[in-house]
Each structure stands twice: as structure tokens, then as C-alpha cells.
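Engineer: Kindly produce the complete structure, drawing on both the sequences and the hints.
Residue strings, one per chain:
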Amino acid sequence: MRKSGIALLGLIALTAAAAWVLTAPAAPVPEARIAALTPDARHGEQVFLAGGCASCHLAPGATVEGPPILSGGQAFPSDFGTFIAPNISNDPVAGIGVWSARELANAMLHGVSPEGRHYYPAFPYASYARTSLRDVVDLRAYLATLPASSQPSGAHQLGFPFTLRRGIGIWKLLYLNPDWVVDGPLTPEETRGRYLVEGLGHCGECHTPRTPLGGMERSHWLGGAPSPDGKGRTPNLTPGQLKWSAPEIVEYLTTGFTPDYDTAGGHMAAVVANFAELPDADRAAVAAYLKKVPAVAPAPAVP
Amino acid sequence: MKALVIATLGLLPLAGSALAEEGPFASQVEARQGIMRYYAVNIGTLGAMAKGEAPYDAAAAKVAADALAGGASLDTSMLWPKGSDKDAHPGTAALPALWADGADVGGKAKQLRDAAAAMQAAAPAGLDQLRGAMKGVGDACAACHKDFRAES
Chain A
1 MRKSGIALLG LIALTAAAAW VLTAPAAPVP EARIAALTPD ARHGEQVFLA
51 GGCASCHLAP GATVEGPPIL SGGQAFPSDF GTFIAPNISN DPVAGIGVWS
101 ARELANAMLH GVSPEGRHYY PAFPYASYAR TSLRDVVDLR AYLATLPASS
151 QPSGAHQLGF PFTLRRGIGI WKLLYLNPDW VVDGPLTPEE TRGRYLVEGL
201 GHCGECHTPR TPLGGMERSH WLGGAPSPDG KGRTPNLTPG QLKWSAPEIV
251 EYLTTGFTPD YDTAGGHMAA VVANFAELPD ADRAAVAAYL KKVPAVAPAP
301 AVP
Chain B
1 MKALVIATLG LLPLAGSALA EEGPFASQVE ARQGIMRYYA VNIGTLGAMA
51 KGEAPYDAAA AKVAADALAG GASLDTSMLW PKGSDKDAHP GTAALPALWA
101 DGADVGGKAK QLRDAAAAMQ AAAPAGLDQL RGAMKGVGDA CAACHKDFRA
151 ES
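Protein chains in written order, with the numbering used here: chain A, 1 to 303; chain B, 1 to 152.
Hints are supplied without guarantee of correctness; some may be wrong.
Residues on chain B that point at chain A, a partial pick, calculated with CB under 7 Å [to be verified]:
| # | residue |
| --- | --- |
| 1 | 104 |
| 2 | 105 |
| 3 | 134 |
| 4 | 145 |
Per the computed footprint, the stretches of chain B lying under chain A, defined by three or more beta-carbons under 8 Å from a beta-carbon of chain A, are [unchecked claim]:
| # | region |
| --- | --- |
| 5 | 38-44 |
| 6 | 60-73 |
| 7 | 136-142 |
Over the 10 Å line for every Cβ pair with chain A, so calculated as not near, a few chain B residues [as the list claims (entries may be wrong)]:
| # | residue |
| --- | --- |
| 8 | 26 |
| 9 | 28 |
| 10 | 35 |
| 11 | 79 |
| 12 | 81 |
| 13 | 83 |
| 14 | 106 |
The hints are simulated quantities; they were obtained by calculation from the structure and are not laboratory data. Glycine is no exception: its CB is placed at the ideal position from the N, C-alpha and C atoms.
Structural biologist: Quick look at the structure:
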């Protein structure tokens, strides 16, 4: 942790001058492309579930009965400090009630706020960057149907230099890469699975190990990773390590049962609860894609 | 030194299981874990049909669903003595929260009984019905594990 902090400081100092230019946030989604789309709030709910937004933006300890209240407040500890998920409810002041679809697109696809600031990648836009504009527009319409909460967003607890949002520009140059990780000929089903896993489902954010600067290691895609809270590891999902059949993966994402009929636990339980609400074809697509991911050798045991 | 570390590491799991057998509530812990496994075995029969690994067989599905419902309606309160949590006993994953004031263990147990009853009605009725009842059972197991069982 200290090492990565020093590394980041050095990187910031070294590249400060050039970086100031390079790291200026851009808000690149053209309004015309948004205007061409007709919002569908019902489909937006599926985007919301696949994206798992509620897992992070519900109040701490809240369970969902009825429409979710996205008042924020959950804390996410990391090597760089503790991030507090903000209020993204429909409140015009405390939440994002006044946001346009374009502003949501800039946040999810480019990690840029309406005021033109960089977001921290604790908001998993490194994955959401692969979301289609159509899905963002539908999601915007769905979020507008949800209740408002006037709970103000909490401040992140970060140490210097991580308090400098401008530094995130460097991180983005290194790690914000919306190209597909798994390239090559895929069936339509596998392509849909790739969209869900690499994009909205942000499976890589938990199942892929990170560089010292917190970027996902594309060369170890879905190879399993230490949990951010320091307890245990997430499993390796690549062929050879995840020995489950496609129907077993589908069953897990549908009912939460593993092949030996234990239940999904930890953070995965919330992912399963969301994916269980998606159409059958989406779960089958995820399973089909996982069979196409390049195998990653298991992490060496820590002596 | 390295060899010693490896040797010690190798012994750790053994030491763990020996303790599990000798802990203060060893038989209660084994019995309740056995009941969980009894659920899992019977859901395994139903799940194999749901996944298409085994052909649908109404009679076999009924046996499994009846067994699940029977297991879920047993009085197992004597298997959960106060103090048999994971902080006190190395062989269990039960969280101290299970014994906290206001812990809704009864509500979770009822959720499983209800889901198992729904499965009892669904399993012999047809494959689609059986499939439809799987999620309710999965949700009931997971709801209790989320609150009262340590993550592995």
C-alpha cells in the first residue's frame, strides 16, 4: 500500500506538466447521439439490475422492498482511502434528479462529472465504459422513476495525493480502456455475455487482480483476486479453474446454488440476486462467454 | 526455516479438524452441519432435474422435496446452544449474531419451511413447476447464511 502510494506520487510529479494538459476531463458524449434514442424505463430496470447499482448506492444495511432508495452512504475501503458512495436518488439537490441522460453517459462511460471533474474508479466506470448509449438512456429513464432521498452525500476519506482528482486523469490514461478484453470471433450469445460480464456486470472489478495503481490486469482477466476488504480471494472464473458446466453456472446465477448445493455467499450473493431477475437468455450468455475467456493459471499460494 | 513453515502449514488443517472434533459442542455442531448437508443432498436431486442433468422423475422429485420439507420442520433448537459460535469453536461457521437479541432466526427458518412447502407442491407437478420453485428455496438458504454464517 505504501509502495503504491509512493509510486503514484512519483508518477504524478514526473508527469505533472504534461499531465496537466493530458488529464483535463473531457465530456465527450455528443448530444445528438443521445437525442436520437427513445428512452425505455422498463428496459432501464434490467440495465440497473445487470449493473448492480443498488449494491453500492443503497444506504448501509438497507434491503430492497419495493423501489430502491439510492441514498448512498456505504463505505468502500481501498488501498487509497475510504470511498463513500454518493446519493444517486431522484432528489434534485442531494441526488441526481436534475441530471440529463448525457450527464449520466459522461459519468458511466468516461468517469466525468457534470462539472467536468474526474470520478474515482471506485465507481466502476472502467467496466461501465463498455455500456451502450441506448442502455444508458434507458437507465436514466428508470432512475427517474425511483424515490428521492434528501440525505446529503458523504465525503470520501482519502489521504494526499489521492485527494487530487486531477491525478485520476493519469489513471484513466493507463487503465480506462473500453476495448473488449476477449477479442475474436464470438457467437451472438457469447457477444451478449461479453457485454454483460466485461461491461454492466463489472465482474472483472472483483474477479480480476489489480496493478499497484489499482487498474485491472487485462492479462489476468477474471483470474481471481484478493478481496478489497482483505478477507480471502474471489475465485478464478477462467476455464480449467472454474470447473462448472454452463448449466451449473446458469443455475448459480438463477438460484444461488453451487454444484454441491451450497449457496453463493459474500458480495456474490447480491450479484446473483440481480442476475436472477434478468431474462434466462442473459444468464446463458454469461455462461457461454465464461467458457471463451483465456485460461489464467491459479495464483501462487502465499507462503 | 522454510521447510519448517511448510511443515507447520501442512499440519494446520489437521489441527483444525482435530479441534473441531474435540471442541465443547462437537456433536451439536456436527449434527447441525449434517442437517445442512441433508438439505443439500435433496436439493441436489431436484437441481439435477432442473438443470437437465437428470431426466425429470416425478416420484424421485417428490421423495426429495418431502425430505427437504421434513428436514426443515425438525426442531433443531438443541443443536444451537449459546456459545457454540465460531469465536468460541473452531469447527463452526455460525456467527455470534445468531444468538444476539432480536436475531430473527425463527423468521429465516420459517422462510425455508414455506419455500420447502412450495417445492413439495411443485416438484411432483412437473419440471417447469419444479424449476420455478428452486429460486424460492435458494433465496431462503441464502437469506439465513447472509446473516448468520461466516463467509468462507
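Engineer: Compare the structure with each hint and give your call.
Structural biologist: How the hints compare with the structure:
1. 104: violated (12 Å)
2. 105: Violated, because the Cβ-Cβ distance from residue 105 of chain B to chain A comes to roughly 16 Å (cut-off 7 Å).
3. 134: holds (5 Å)
4. 145: Cβ of residue 145 of chain B sits 5 Å from chain A, so the hint holds.
5. 38-44: Three-residue rule met by the region 38-44 of chain B, so holds; n is 5.
6. 60-73: violated (count 0)
7. 136-142: Result for this restraint: holds, n = 5.
8. 26: Consistent with the label, residue 26 of chain B stays out of reach of chain A, its closest Cβ about 22 Å off (over 10 Å).
9. 28: holds (20 Å)
10. 35: Its Cβ never comes within 10 Å of chain A, the nearest being 13 Å, so this holds.
11. 79: holds (19 Å)
12. 81: holds (24 Å)
13. 83: Nearest chain A Cβ is 24 Å from residue 83 of chain B, so the label holds.
14. 106: holds (18 Å)
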